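Visitor: Throw the hints in and build the complete structure from the sequences for me.
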Amino acid sequence: MSTIEASPAAQRSGEFQQPVVNDFSIQVATVNGSGSQTANSVLMRAIFQMGVPVSGKNMFPSNIQGLPTWFTIRASKHGYIGRKKEIDFLVAMNPETAREDVMKLESGAAVVYDEPLKLDALRSDLHFYPVPFDKLVGPVCPEAKLRKLVRNMIYDGVVANLLSIEMEEIHQALIKQFGKRKAKAADLNWGAAKAGYDFAEKNLAKTDPFRVERMNATAGKIIIDGNSAAALGCVFGGVTVVTWYPITPSSSLVESMMGYLKRFRIDRETGKATYAVVQAEDELSAIGMVLGAAWAGARSVTSTAGPGISLMSEFIGLAYYAEIPAVIFDVQRVGPSTGLPTRTAQGDIISTALLSHGDTRHPLFFPCSPEECFSMAVDAFDFAEHFQTPVFVMTDLDLGMNNWMADRFEYPFKPIKRGKVLTAVDLERLGGFARYKDVDGDGIGYRTLPGTNHPQAAYFTRGSGHNEKAQYTEREDDYVNNLDRVARKFETMRSFVPKPQVENNSKARIGFVCFGTSHHSVGESRDQLKNEYGVETSYFRLKAYPFTQELTDFIHRHERVYVIEQNRDAQILGLMRLELTAQDIAKLRSVRYYGGLPLDARTVTDDIVRQEGL
Amino acid sequence: MSTTPAPPPKRVNRIGLEVLSYKGAKTTLCAGCGHNAISERVIEAFYELGVQPWSVAKFSGIGCSSKSPAYFLGLAHGFNGVHGRMPSIATGAMLANRTMLGIGVTGDGDTASIGLGQYMHLLRRNLPFIYIIENNGVYGLTKGQFSATADLGSKLKTGTANDLPPFDCCSLALQCGATFVARSFSGDKRQLQALLKTAIVHKGLAVIDVISPCTTFNDHEGSTKSYAYMKEHDEMLHELDFVPFFEDISVEIPEVEIKSIELHDGSTLRIKKLGHDYDPTDKFTALKALDEAERKGEVLTGVLYIDTGKPTFMDVLNMEDAPLATLPESRIRPPKEALHEAMEELS
Numbered sequence: 001m002s003t004i005e006a007s008p009a010a011q012r013s014g015e016f017q018q019p020v021v022n023d024f025s026i027q028v029a030t031v032n033g034s035g036s037q038t039a040n041s042v043l044m045r046a047i048f049q050m051g052v053p054v055s056g057k058n059m060f061p062s063n064i065q066g067l068p069t070w071f072t073i074r075a076s077k078h079g080y081i082g083r084k085k086e087i088d089f090l091v092a093m094n095p096e097t098a099r100e101d102v103m104k105l106e107s108g109a110a111v112v113y114d115e116p117l118k119l120d121a122l123r124s125d126l127h128f129y130p131v132p133f134d135k136l137v138g139p140v141c142p143e144a145k146l147r148k149l150v151r152n153m154i155y156d157g158v159v160a161n162l163l164s165i166e167m168e169e170i171h172q173a174l175i176k177q178f179g180k181r182k183a184k185a186a187d188l189n190w191g192a193a194k195a196g197y198d199f200a201e202k203n204l205a206k207t208d209p210f211r212v213e214r215m216n217a218t219a220g221k222i223i224i225d226g227n228s229a230a231a232l233g234c235v236f237g238g239v240t241v242v243t244w245y246p247i248t249p250s251s252s253l254v255e256s257m258m259g260y261l262k263r264f265r266i267d268r269e270t271g272k273a274t275y276a277v278v279q280a281e282d283e284l285s286a287i288g289m290v291l292g293a294a295w296a297g298a299r300s301v302t303s304t305a306g307p308g309i310s311l312m313s314e315f316i317g318l319a320y321y322a323e324i325p326a327v328i329f330d331v332q333r334v335g336p337s338t339g340l341p342t343r344t345a346q347g348d349i350i351s352t353a354l355l356s357h358g359d360t361r362h363p364l365f366f367p368c369s370p371e372e373c374f375s376m377a378v379d380a381f382d383f384a385e386h387f388q389t390p391v392f393v394m395t396d397l398d399l400g401m402n403n404w405m406a407d408r409f410e411y412p413f414k415p416i417k418r419g420k421v422l423t424a425v426d427l428e429r430l431g432g433f434a435r436y437k438d439v440d441g442d443g444i445g446y447r448t449l450p451g452t453n454h455p456q457a458a459y460f461t462r463g464s465g466h467n468e469k470a471q472y473t474e475r476e477d478d479y480v481n482n483l484d485r486v487a488r489k490f491e492t493m494r495s496f497v498p499k500p501q502v503e504n505n506s507k508a509r510i511g512f513v514c515f516g517t518s519h520h521s522v523g524e525s526r527d528q529l530k531n532e533y534g535v536e537t538s539y540f541r542l543k544a545y546p547f548t549q550e551l552t553d554f555i556h557r558h559e560r561v562y563v564i565e566q567n568r569d570a571q572i573l574g575l576m577r578l579e580l581t582a583q584d585i586a587k588l589r590s591v592r593y594y595g596g597l598p599l600d601a602r603t604v605t606d607d608i609v610r611q612e613g614l
Numbered sequence: 001m002s003t004t005p006a007p008p009p010k011r012v013n014r015i016g017l018e019v020l021s022y023k024g025a026k027t028t029l030c031a032g033c034g035h036n037a038i039s040e041r042v043i044e045a046f047y048e049l050g051v052q053p054w055s056v057a058k059f060s061g062i063g064c065s066s067k068s069p070a071y072f073l074g075l076a077h078g079f080n081g082v083h084g085r086m087p088s089i090a091t092g093a094m095l096a097n098r099t100m101l102g103i104g105v106t107g108d109g110d111t112a113s114i115g116l117g118q119y120m121h122l123l124r125r126n127l128p129f130i131y132i133i134e135n136n137g138v139y140g141l142t143k144g145q146f147s148a149t150a151d152l153g154s155k156l157k158t159g160t161a162n163d164l165p166p167f168d169c170c171s172l173a174l175q176c177g178a179t180f181v182a183r184s185f186s187g188d189k190r191q192l193q194a195l196l197k198t199a200i201v202h203k204g205l206a207v208i209d210v211i212s213p214c215t216t217f218n219d220h221e222g223s224t225k226s227y228a229y230m231k232e233h234d235e236m237l238h239e240l241d242f243v244p245f246f247e248d249i250s251v252e253i254p255e256v257e258i259k260s261i262e263l264h265d266g267s268t269l270r271i272k273k274l275g276h277d278y279d280p281t282d283k284f285t286a287l288k289a290l291d292e293a294e295r296k297g298e299v300l301t302g303v304l305y306i307d308t309g310k311p312t313f314m315d316v317l318n319m320e321d322a323p324l325a326t327l328p329e330s331r332i333r334p335p336k337e338a339l340h341e342a343m344e345e346l347s
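Top line first, the protein sequences correspond to chains A and B.
This note's numbering puts the first residue of the first sequence at 1, with every later residue one more than the last.
This note's numbering puts the first residue of the second sequence at 1, with every later residue one more than the last.
Worth flagging that the hints you see were computed from the coordinates, not collected in a lab.
These figures come from a predicted structure and were not determined experimentally.
The beta-carbon is built from N, C-alpha and C at its ideal position, and this holds for glycine as well.
Taking CB as the label site, the calculated pair distances span: (1) A:Lys-587 to B:Thr-99: 54 to 60 Å; (2) A:Ser-495 to B:Glu-344: 34 to 40 Å; (3) B:Ala-6 to A:Arg-268: 56 to 62 Å; (4) A:Thr-338 to B:Thr-99: 41 to 47 Å; (5) A:Gly-66 to B:Pro-335: 43 to 49 Å.
PhoX-like mimics (lysine-lysine), calculated; alpha carbons at most 20 Å apart, straight line: (6) B:Lys-23 to A:Lys-469; (7) B:Lys-189 to B:Lys-273; (8) A:Lys-417 to B:Lys-336; (9) A:Lys-414 to B:Lys-336; (10) A:Lys-469 to B:Lys-26; (11) A:Lys-221 to B:Lys-336; (12) B:Lys-336 to A:Lys-262.
One side only, chain A facing chain B, incomplete, derived with CB under 10 Å: (13) Lys-221; (14) Phe-236; (15) Gly-238; (16) Tyr-260.
Guide: Structure representation (structure tokens):
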């Protein structure tokens, strides 16, 4: 960004500046629990309704009330929806952080602030807009105890005025936010927004270059968080048993699911639920219930985060050996228990891929968007039942809890697949079965469900010590045969997992590999490298583990391959090391970010520039 | 001309199955282990009530006790889970198919130590399920350590005395919400059989804590879970007579001595007083009696508590009557209009 001449005259006229249209980020700094979420969502939605691609990132503390929180809205005419590192437009509502927030801004940024904070004294190279929020809120909100919440809506009006966001869109967004049932609340907030707008119109002279202009790039799109998208995927994937234990950032996945299940999965004739949701006493119990239910034939799911995955470890080992389907969402977050539970990471990759004791390996799916949270949830159930094994859908806090612009989800027309399950009729015809026999050469045995009405349906389920007929054994050959068959099953998965997204660029000597939410910033970084450094790149986005042949092919095509991930220890690269040749491994480079915020393009670009010596 | 005598007709139950259909694999537990006697009673109870074996699902955790489901009802699906977590597996399975009859066998280590949390939450949910604790106060598979049900002062083979008080699994069951709570002794064939039959027809969580001596590690002088100790301290609350719905109650006994409890399927549990003035439908009586018995060094056996009216977990969840596991696609995948509706709201 160019430096702005700091003379007051220039600021007022703004005549030296090129307008910056639909390509900037707004950061709102507030106090947790002050009700800013509504104001921020409305602002984001209003820009979306004006047809401008937008993304929102909430950076909040592990706290109910009182600690600082930041919400970043990015408008991008190019459609970049990853985090933008630089803040262009700050709304400083939190006295505790205001000073630091202002000092971090780059020259030329704009600041709307609560007048008593007197932030304009801090720097002379920014555009300052003081607003007397306390004075404005009184007349629009007679009820004193609501003022703290309504106060925030005033900045929506101020920002709308300064950035040319249409007030009618703010109004529509408010109505959408509150719904018909809370029309009174919507009115109250609308009054506050108007007061902010009117104040700005009369008292603030626009000096910054940032502006929103109507576009047509969001038609037909939706705004949704990844957890809700995954929840819808489960509902339409035919889930029947759901268990959970509350943990940030995964709780809203099941909470959202409960809402959709109540709407779409209560039988109209009987009034009864075609599902069961249980809030378990802990994650051990949550996974135990999932396995019991799946063993008995239900499509079962649980949702958790890293600490929950750790607790589930023992049961997952049993599920791997007893061959029980399960779908587990890991909405990844930073570190253990009281680390940064409200910050994002891709830090559970190795621990989840190899979760539990003994020789274990588990399939992982990596959605990068709400669309994929939905479709992969649907697919994960079929996959788990086909392979009779736990499947982990690895999202993260950024994807799960933030609002994303997305395409409408496609209805899953493909019939639900329940895997190799023998019915009473099959058993009558076959005269029995051997649970763990590799009949088809793909490593996957046939199972029966408890309750099947046939005297030969039963088998006994236990951990590792069983032969083909599910009988207890401690024989060496039986154990080895069983382990080898389960390994064969894992090999079979390679042709069934979601295929990677591959963009081979014939001019590129280097390739990028990433997965999950890194996708958005890596795409933007590729553009930065091309536009700013003339460097061409190829792209490979993993959608699943185990890896497929496409990965090796991609590595072969390029001189160097940068593996980009959001953890410290290069975890996905570590998994690659376990199965690639030394020659291929030698081509791999690592780009890592692990600061707890969503990955941004500039961080990737800077690291590539450094490593490539550009 | 000689005729070969016709083979004696095979004895079958009311659904035409022989007792063989209710047996399991040969036991690998020690000779004289109380658990084997319990397995025998389970076989008899299911056989005599005419329960179809493959409509039953068996569950267990880890330990000697948890091996037992392999030794009865071989025609039923079984799941030998992980240590202390059987309740969660059973809960999931029963939710997936509520038409099954679920029976879990666990031990005192499984229930009162590593699995105490899952046990208490299972109780709280009143899942329709039979939960048998084979209680011997000691860890067998790891060779003789105290469990959390070992009585204060009870001695190990080495002479070491237990210095912590026990958890009483029946008191816990009463406090946490089980609707059928009983205690028995593996050596009391008649009582255990009546309790098992009641548990089979009870709609709700049925807990039977069975003192089941470990002949190898806890059957010596100084142990409070030995055969000898039980023979001396077993204090029967009453005599039990289970009359299944398909048999007539014909014998008339004077009203004063009998309390009849009507069970869910029309069967009757007849309770004949034995000295104690005990009302098994009153939870406070039960808790008080257990407390007093503990102080007197008695082991109260019989039906401690029964409540046939409390809603089960399935009722609370307002669940579909048919098994969730096998609902057809048309009932578990909402139509495309539903997705359209959801998308419209988000646009």
